[in-house]
Amino acid sequence: MSNSVLRRRLGRMVMAGVFSSWVLASPFAHAGDASAGSDVFKSECAECHSVKEGRNKKGPSLFGIVGRAAGTAPDYAYSDALKQAHWNWTADKLHWYLSQPAKQANPGTKMKYDGLSDSKQLEDLITYLSTVH
Amino acid sequence: MSSALNRRAPRRPRNPSWWYGLAALPLFASHTAQAVPAYARQTGNACADCHAGAYGPALTPYGMRFKANGYTDTDGNGFKIPAAMQITGMRYVPKQGQSTTDLSEADLYLAGRVTDQIGGYVKVQSLNNGSGKFSTQLNDMDLRFAVKDVKLGEQSATIGVTVNNNPGFADPVGDLPGATANGPPTVSGTLLNPSSSNTLAHRVIGASVYALYNENWYGELGTYNALPTSMQDHLGYGISGDPGKLSDTGYARFMYMRDFKRQFFSVGAVALTTRRQLPRIGPTEQLTDLGYDFTYQFLGTKENILQLAYVNILERRRYATTPTGVLPGQLALTNGAVHDQTLTLSYTFKQSYGVVLAHLVSTGTHDVVRFQPYGEPDTSSNTFTVFWTPFGKDDSLTAMANLKLAATWFRFNKFNGSSTNIFGVDPASGAVVTDAKDLDAFLVSASVAF
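Chains as they are written, first to last, in numbering that gives the first Met the number 0: chain A, 0 to 132; chain B, 0 to 449.
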């Protein structure tokens, strides 16, 4: 193998590594199946949340949720607990939040949810939510 | 002096068409659509979030919780006027008798949240009586005070009070006849069946205390009293249907339900007991209803929804009097029982297209004096409904209004204890013989709610 070929391959590997790091760090990143996540959303979330922009139900619109600061959906009356949460809804934060009872993750929240224990469904759901923007 | 149950002893009708109406009316009620867009405006929800077919009455688990929470859940985005309207047009084609096409019903709903803990459902309906005039009635009423998120140990509960005018209507699962208005059409049904003669529905007022613990366990205890006949009259109900003077009336409902998101089931028991005088100055009879019910829903992603409900109610009666029969020595029984059962299966596709099948059976103790001509009060009927609800979903054009188009076929297998010659006329006399299937009817309706 010539030096030039080796350098090109090494260059690709470095670029792939840089890209992977960016993807993993991105608030939009997740490795699930968005289509399956849409189904999870319909059965787990859709009664209280809409993915339409500006459409609040019992819970706020989840349009653009991944990457959004907590407690900032327009025209939604948040609980004091979530207003004071001061976090961003990154994919990892959503994973943490949705994998346990909401009242445990954010005591005082209005959200009633027992958490999603199926890790595959959770990955799919977060992947789907990251497409909604 | 006869009691209500004695007075239920059938008489041969002079005008058979009157009987067609009597038999069919409860079924019409059961298939009259119910929609309250005021709730959608209040919560930001689509109709389909609470109703499998995006139009009432069949509830999803989410809709059950909304009801148990006293109709007070909200999107938190300001006050919404708790009112809605519904208009229904209907084409009615009975097997015997004249077909009609008219604006059959206009409804006003005062429904929704008053405060965080007070809400309700009140339906005022104006029914076309067939002669171009409308009669207005107070239909179902359910006023609630509910305290949510009460901490009981590690779990939370909703505890509330309901003031309502129809035993069973306040039920969260909503499969009891009082909630579905779908009890078996009958000549002698149970107290909990609004299709029974002298029914309690809409002619009583009662209050219950209820609790929903951990969203799984439901209990309710209450009592009812009959409204004065003058008030029944003012509310649009003729005094001939007076349920009588009630005393020592108790209502109890217990249920276990489980929402798995993609599936739901419930099992429950219900009881209603009362002492009744009808006429109000007459002797007292003792009536006790005991029932159980089972429901199952496959919800999945709401693309395909299957709902199954079975309700079985047994009523034990200790009659006030024992009238004599036509033949010497014939005497009515002092005790008896009637038994109402409903089995309902529905399938909804995309929460827009649906099919509903119902099998309705009412049976009773053989009593040749009370249940002439055959001594049996038994009825058996089926309904088959197809419907289309184009709006009411998250992606619909509007959440402010809804539409339901439905076609229903009513089929009677047995009435008055027989499938043939149900009124026991003598064919040789030239009288018209009426078979159970002659009560069949076909109905097409369009309902608009806004």
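Heads up, a few of these hints could be off.
What the hints assert, rightly or not - Below, a list of computed lysine-lysine pairs in the BS3-like style, where the Cα atoms sit at most 27 Å apart:
(1) A:K109 x A:K82
(2) A:K57 x B:K413
(3) B:K260 x A:K111
(4) A:K51 x A:K92
Don't read these hints as lab results, they were simulated from the structure. Remember, it's a predicted structure, so these values are computed and weren't measured experimentally.
If you check each hint against the structure, which ones fail? Of the numbered hints given earlier, the structure breaks just one, which is hint 2.
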